[in-house]
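Sequence order for the protein chains is A and B.
For the first sequence, this note's numbering gives the first residue as 1, with consecutive numbering after it.
For the second sequence, this note's numbering gives the first residue as 1, with consecutive numbering after it.
Please keep in mind that the hints were generated in silico from the structure rather than gathered at the bench.
Check the hints yourself; a few may be wrong.
Said to hold, decoys possible - Restraint-style ranges between C-beta atoms, simulated for each label pair:
(1) GLY19(A) x GLY23(B): 41 to 47 Å
(2) ASP73(B) x PRO138(A): 33 to 39 Å
(3) ASN90(B) x LEU116(A): 29 to 35 Å
(4) GLN92(B) x VAL133(A): 47 to 53 Å
(5) LEU38(A) x THR169(B): 50 to 56 Å
(6) ARG112(A) x SER109(B): 52 to 58 Å
(7) LEU317(A) x VAL149(B): 37 to 43 Å
(8) LEU65(A) x ALA104(B): 42 to 48 Å
(9) ILE332(A) x LYS97(B): 50 to 56 Å
(10) THR169(B) x LEU65(A): 34 to 40 Å
Said to hold, decoys possible - Okay, derived cross-link-like pairs now, SDA-like style, lysine to any residue, Cα gap no bigger than 25 Å in a straight line:
(11) LYS283(A) x GLU506(A)
(12) LYS10(B) x ILE120(A)
(13) LYS97(B) x LEU133(B)
(14) LYS176(B) x VAL87(B)
(15) LYS10(B) x LEU216(A)
(16) LYS289(A) x VAL304(A)
(17) LYS132(B) x GLN163(B)
(18) LYS10(B) x PRO106(A)
(19) LYS71(B) x GLY314(A)
(20) LYS132(B) x ARG166(B)
(21) LYS10(B) x PHE212(A)
(22) LYS289(A) x ILE338(A)
(23) LYS429(A) x VAL504(A)
(24) LYS176(B) x THR226(A)
(25) LYS492(A) x LEU427(A)
(26) LYS71(B) x MET383(A)
(27) LYS71(B) x SER316(A)
(28) LYS10(B) x PRO193(A)
(29) LYS10(B) x ILE174(A)
(30) LYS176(B) x GLN157(A)
(31) LYS289(A) x PRO333(A)
(32) LYS509(A) x HIS421(A)
(33) LYS509(A) x GLY314(A)
(34) LYS283(A) x GLY510(A)
(35) LYS71(B) x PRO247(A)
(36) LYS10(B) x LEU529(A)
(37) LYS176(B) x PHE234(A)
(38) LYS71(B) x VAL87(B)
(39) LYS10(B) x SER316(A)
(40) LYS10(B) x LEU188(A)
As the structure is a prediction and not an experimental result, all values here were calculated from the model.
Using N, Cα and C, we set each Cβ at its ideal position, and we do this for glycine too.
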Amino acid sequence: MSYTNALHDEAHHHDNPTGWRRWLFSTNHKDIGTLYLLFALTMLFMGGASAMLIRAELFQPGIQLLDPDLYNNLVTNHALLMIFGAVMPAAAGLANWMIPLMIGAPDMALPRMNNLSFWILPAAGTMLILSFVVPFFPGGGSQINTGWTLYPPLSVQVGMSMDFLIFAIHLLGISSVLASINIIVTLLNMRAPGMTLMQMPIFCWTWLVTAFLLILVVPVLAGGVTMLLFDRHFGTSFFDAAGGGDPVLFQHLFWFFGHPEVYVLLLPSIGVLSHIIPTFARKPLFGYKSMVGAMIAVGTIGMVVWAHHQYTIGMSLGAVSYFMIGTIIISIPVGLMIFNFIATMWRGAMTFETPMLFAVAIILMFTFGGLSGVMLAVVPADMQYHDSMFVVAHFHYVLMPGAVFGLFAGVFYWLPKWTGHMYDERLGKIFFWINVTGFNLTFFPQHFLGLAGMPRRIIDYNVMFTEFNAISSVGAMIFGFSHLLLLYIIIKTIRGGEPATNRVWEGAKGLEWEVASPPPFHTWETPPLIRQEQTS
Amino acid sequence: MNSEVRVRNKRRTIWLLSLLVLGMFGFGFALVPLYDVLCQITGIQSVSLRSAGEIANPASEQEDSRLITIKFDTSVHPNLPWDFSPVERNLQVHPGKLYQVDFAARNRSSETVTGQAIPSVAPWQATAFLNKLECFCFNQQTLAGRQSVDMPLRFMISPELPQEIRSLTLSYSLMKLENAPPEPNKREKG
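Put together the whole structure using the sequences plus the hints.
Below you can see the structure in the form of C-alpha cells.
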C-alpha cells in the first residue's frame, strides 16, 4: 500500500459529520482554518471596542467616561485581546488554510491536535474576557491595572481577575505551542514528494520560523506567569523584594517572550506579502534565498535583544550597549526584506487590487515604524521617549501594518479561493482608503504627543496636548468603524458574488491555485507532481 | 518513501519539539538562579548585589559642603507580623559626616519572631559610597511578643560620591527567618 492511501484513510476518519459536529469535531484543516479566522475576527471587534473606549476617554483632557483603574484595565485588555485573540489566531488560521494547500499535503500532520489547539481558544478567550469583567461583580477584587506586561509588584497585588488572566495566558500558550508543533511537523514531513525545503513557498518558511520562535519563547512566559501565580498564592518570593526576590527578573522573563513575540506577529504577514507582491507585480519574488536567510536572522537576533524594553531599570553601560547594538542590527535583515519587496515591484507590470494596495501601504508605513524603532533603540534617546506616547505610536506603526494589515491583505488575497466568490473590489478599495487614513490620523499625532512629553497608560493629560489628542481620537473612530465595512465585505463575499476562477489572480503562482475555488473538502489526496516553476 | 517511515519521522519530530517545549519551560525557572550569576558577570544589577553594602572605615574622610538628600524606605514581607518604619523619612546630609537615624520596629504578634533586614540603594551607582558603620541589617533582629525597639543605623556618605547624584534612597526589606540560621544569609527566602 502506498502512503497516499494511508493518508487518505487518515483524512476520512470522521465521515464528514454535519451541523455543529462538523465544527466541534473537525479535523479538516480548512474548517479549522475558518474557525481560527472567525475567532480572530470576533476578538478583533472586541479589542477594537476597548481601543475606541480608550480613545473616547482621551478625546478631551480630564476624566469623563472611565475611572483610572477601568482605563488601565481597558489598556491591558485591548493589548491581550489584539495580540493573543486577534493577530495570532488569524495568522494560525491562514497557516491552517494555506500550508497544506501550498505544499501539496492532504491535511495538517496532526489533525486531532489541530482540533484541540483551536478549541482551547474559545475557553481561553472566555477566561480573558472574565478577567476584565470579574471586578465589576461584588467580591471580584480590583481591576487589572498593570498593562499587558503584568509587572510585579502591582500584578501580585491586584484582585482575583489576575488569576483568570494568568490561566488565560496558560491556555493561550498551550494552544499556540500545539499549533506550532503541528505546523513544524507538517512542514518537515508532509511536503509533496520532490519539494525541498528551499522550494517551499515563502509563506511556509515564515511560519516555520514563527513556529520555532513560539516554541522557544511561549514556555518561558508560561514559567514567568506561573511564578507570578505562586507569589500571589503560595507564599513564594520570586519577584518580591521583601522576600529576597527581584521584580526585575519578571521583566526579563516577560520580555524574553515579549520581544520575539513581535516577530511572531510580523513574520506571517511578511509571508503573505511575499505572495501578494509577486502576484500583482507579475514577477517572481526577488531574492527568495535572501528572504529565507533574513527571516532566520531576524528570528535568531530577535531572541537575544529583549532588554531594550528595560533600558531604564539601571543596567550597566556594557549591558545596555550590547542590547542597543543588537537591536539596531535587526534593522539590517528587516531592511533586506523591504528592499526585496521593492526590487520585486521594480519594472513589474503592477496592478493595484485591494491586496496590493495594502501591500504597498504596508511597505511604506512599516518602514516608518521601523525607523522610529531605531530611534527608540538608542539608549540616550530612549531614556527620553520611554513610556511616552511616542512608544505607543511606534509599536502601532509596526504592528498595525506589519501584522494586522498584512492579515487583511491575505484575507482579500485568498478570500476568493476560500469562498469561490470574488469580493467586491470597489468596496475593498473604499475600505482600504478609509482604514489607512483612519490609522494614520490616529497614530501619527501620537508621535508629537510623545515627543512633547505625554506619558502613556494615564487616563488624563495636560491641556497642552488637547488638539493632537482630539485629532487622534477622531481618527480612531474612523479607523474603528471602518472595520464594519470589512465585516460587510466578508459576509457579502461568503454569501455570493462573481464566481472566482481556480487561479483567481492572473499572476498568481503556486499549488494553492491549482485546486478549485472553493477547494473541495479534501485536496491533494494524491500528492501533486512538483515541477520547478510551480514553486519559484 | 513508505507510510511507516513517514509515521516514524513524524513521531520523531513531535518528540523533539515536545522536549524543546519542556526544556524552555524549565529554562524559565532555571533563570531564577541563573539571573544572579548573569548579573554578576554582565553587571546587570539585581537586589542581592545592590544590598551588598560596605562597612568602611570612617577615618581620613573629608567633609564636603554638598547637601545630599537621603530618603529612607521600608517594606515588610507579609509573613512577618511587624511594623517597621523610619523615624525620619528624609534627611539632608553632608558627605563625609557621620549620622545616626533610628528605625522603629514593633512586633504585632504575641510570639517571639526573628527578622532580617536587607538593604538596597537607589540609584545603584551610589551603593559603594554609602558606608554603614552600624546597622541592624548586619545581624538578625529578634523581638519578643509585643516588643517595640528603635533600631539604630549609623552611616556616612563618602565624599567621593559622584557629583551628579544629589539624592538617594536607602530601602530596607524585612523578612522573617523561620528557623534562624547561625549566620545571616543574604538570600534567605521567607
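Here is what the structure says about each hint:
{"no.": "1", "hint": "GLY19(A) x GLY23(B): 41 to 47 Å", "verdict": "holds (42 Å)"}
{"no.": "2", "hint": "ASP73(B) x PRO138(A): 33 to 39 Å", "verdict": "holds (35 Å)"}
{"no.": "3", "hint": "ASN90(B) x LEU116(A): 29 to 35 Å", "verdict": "violated (58 Å)"}
{"no.": "4", "hint": "GLN92(B) x VAL133(A): 47 to 53 Å", "verdict": "holds (50 Å)"}
{"no.": "5", "hint": "LEU38(A) x THR169(B): 50 to 56 Å", "verdict": "holds (52 Å)"}
{"no.": "6", "hint": "ARG112(A) x SER109(B): 52 to 58 Å", "verdict": "holds (56 Å)"}
{"no.": "7", "hint": "LEU317(A) x VAL149(B): 37 to 43 Å", "verdict": "holds (42 Å)"}
{"no.": "8", "hint": "LEU65(A) x ALA104(B): 42 to 48 Å", "verdict": "holds (44 Å)"}
{"no.": "9", "hint": "ILE332(A) x LYS97(B): 50 to 56 Å", "verdict": "holds (54 Å)"}
{"no.": "10", "hint": "THR169(B) x LEU65(A): 34 to 40 Å", "verdict": "holds (37 Å)"}
{"no.": "11", "hint": "LYS283(A) x GLU506(A)", "verdict": "holds (12 Å)"}
{"no.": "12", "hint": "LYS10(B) x ILE120(A)", "verdict": "holds (23 Å)"}
{"no.": "13", "hint": "LYS97(B) x LEU133(B)", "verdict": "holds (12 Å)"}
{"no.": "14", "hint": "LYS176(B) x VAL87(B)", "verdict": "holds (21 Å)"}
{"no.": "15", "hint": "LYS10(B) x LEU216(A)", "verdict": "holds (20 Å)"}
{"no.": "16", "hint": "LYS289(A) x VAL304(A)", "verdict": "holds (24 Å)"}
{"no.": "17", "hint": "LYS132(B) x GLN163(B)", "verdict": "holds (20 Å)"}
{"no.": "18", "hint": "LYS10(B) x PRO106(A)", "verdict": "holds (15 Å)"}
{"no.": "19", "hint": "LYS71(B) x GLY314(A)", "verdict": "holds (19 Å)"}
{"no.": "20", "hint": "LYS132(B) x ARG166(B)", "verdict": "holds (19 Å)"}
{"no.": "21", "hint": "LYS10(B) x PHE212(A)", "verdict": "holds (16 Å)"}
{"no.": "22", "hint": "LYS289(A) x ILE338(A)", "verdict": "holds (14 Å)"}
{"no.": "23", "hint": "LYS429(A) x VAL504(A)", "verdict": "holds (18 Å)"}
{"no.": "24", "hint": "LYS176(B) x THR226(A)", "verdict": "holds (24 Å)"}
{"no.": "25", "hint": "LYS492(A) x LEU427(A)", "verdict": "holds (11 Å)"}
{"no.": "26", "hint": "LYS71(B) x MET383(A)", "verdict": "holds (24 Å)"}
{"no.": "27", "hint": "LYS71(B) x SER316(A)", "verdict": "holds (23 Å)"}
{"no.": "28", "hint": "LYS10(B) x PRO193(A)", "verdict": "holds (15 Å)"}
{"no.": "29", "hint": "LYS10(B) x ILE174(A)", "verdict": "holds (20 Å)"}
{"no.": "30", "hint": "LYS176(B) x GLN157(A)", "verdict": "holds (20 Å)"}
{"no.": "31", "hint": "LYS289(A) x PRO333(A)", "verdict": "holds (12 Å)"}
{"no.": "32", "hint": "LYS509(A) x HIS421(A)", "verdict": "holds (19 Å)"}
{"no.": "33", "hint": "LYS509(A) x GLY314(A)", "verdict": "violated (52 Å)"}
{"no.": "34", "hint": "LYS283(A) x GLY510(A)", "verdict": "holds (13 Å)"}
{"no.": "35", "hint": "LYS71(B) x PRO247(A)", "verdict": "holds (21 Å)"}
{"no.": "36", "hint": "LYS10(B) x LEU529(A)", "verdict": "holds (22 Å)"}
{"no.": "37", "hint": "LYS176(B) x PHE234(A)", "verdict": "holds (16 Å)"}
{"no.": "38", "hint": "LYS71(B) x VAL87(B)", "verdict": "holds (11 Å)"}
{"no.": "39", "hint": "LYS10(B) x SER316(A)", "verdict": "violated (46 Å)"}
{"no.": "40", "hint": "LYS10(B) x LEU188(A)", "verdict": "holds (8 Å)"}
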